Amino acid sequence: MSSAWLLDEITALLDAAPPKSHETEVRRDLAALGVHPTLVELLAPLYATADGATFFGGRLRLHPLHGDPEHGLPDVAGWNDRNDWQRFEPRKVNGTFYFASNAFGDLFGVPVDTEGAVLFDRVGVLWVERYTYQEAKIPWPDFFARLAGDPSIASFFLRMPEHDWAAESLGPPAPWQCFSSNVPVILGGPDTLENVAIQPMAVHVSFTLQVIEQAQRQASAGAPLPMVDLREVDGPSGSSEKGS
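Under the working numbering, the very last position in the sequence shown is 258; numbers go up by exactly one each time.
Check the hints yourself; a few may be wrong.
Using C-beta positions, here's what the derived DEER-type ranges look like [said to hold, decoys possible]:
#1 PRO33 / HIS85: 12 to 20 Å
#2 ALA45 / ASP98: 30 to 38 Å
#3 THR38 / ASP95: 23 to 31 Å
#4 GLU37 / GLY185: 33 to 41 Å
#5 GLY185 / GLN224: 25 to 33 Å
#6 GLN228 / ALA159: 33 to 41 Å
#7 ALA233 / SER166: 30 to 38 Å
#8 LEU184 / THR38: 40 to 48 Å
I should point out that these hints are in silico values taken from the structure, not numbers from a laboratory. No experiment lies behind these values; they were computed from the predicted model shown. Ideal Cβ placement from N, Cα and C applies to all residues, glycine included.
Just need the whole structure built from these sequences, with the hints factored in.
This is the structure:
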């Protein structure tokens, strides 16, 4: 599987080249984090080339192998701790190991079994604010080239029109940040620019999934969906208080 990555094409798409690592070191680090050998085999060539990198003007990000502790991002294994925010994911048949995202905090990964082994080499997508999970029959080694070569695919996965609309007023989010609705549309928020802010990625993913999951659980029990304004929960700073 490792030979399938089109690394020259991926390198050409980097916004800025991160320090390169030897693939042997990346394999060692992934294994030390407890990542399943099949995932090590899939991810090591990519991470040796583009650890923590961004693509397409920040519209696609690769989760840093060792995280970004200063900004609340754990290492890539900790990001996939099933006892953390993944508890609040929408129900789906398989697990997913997430290692990339777009600028709206939607997460891209590969389907895995209960032991963390790769089930299918295809792109899984968790649309966080839509509270929906989908899988595309696009092998990961082809994903970058498909994004670069097909505007409709890039528009779909990277939400290009929405990104440009939000970035024009708010500026682009840093790699550890993302655009985030103050009131998710699924909970009654307006689909307007005034409802969009830039939040830390870790806060956005964890808190948004938790709030939507709880709201849907209440609705299934017969209670109306509450309108939750994340600004009120988080406070004016947009900081980690949001997840408390």
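C-beta pair ALA45, ASP98: status relative to the range 30 to 38 Å that was hinted: For ALA45 and ASP98 the Cβ distance comes to about 21 Å; the hint is violated.
GLN224 and GLY185 - C-beta distance against the hinted 25 to 33 Å: holds (27 Å)
Range agreement (Cβ of ALA159 with Cβ of GLN228, hint 33 to 41 Å): holds (39 Å)
Whether the CB-CB distance between LEU184 and THR38 falls inside 40 to 48 Å: Distance hint for LEU184, THR38 holds at roughly 41 Å.
Distance restraint hint 12 to 20 Å, applied to the beta-carbon atoms of PRO33 and HIS85: The hinted range 12 to 20 Å holds for PRO33 and HIS85, with Cβ atoms some 19 Å apart.
Cβ separation of GLU37 and GLY185, checked against the hinted range 33 to 41 Å: Taking Cβ atoms as reference, GLU37 and GLY185 lie about 35 Å apart, which means the hint holds.
SER166 and ALA233 - C-beta distance against the hinted 30 to 38 Å: With Cβ atoms ~34 Å apart, the hint holds.
Range agreement (Cβ of ASP95 with Cβ of THR38, hint 23 to 31 Å): Distance hint for THR38, ASP95 holds at roughly 26 Å.
Consistency note: the structure conflicts with earlier hint 2 alone.
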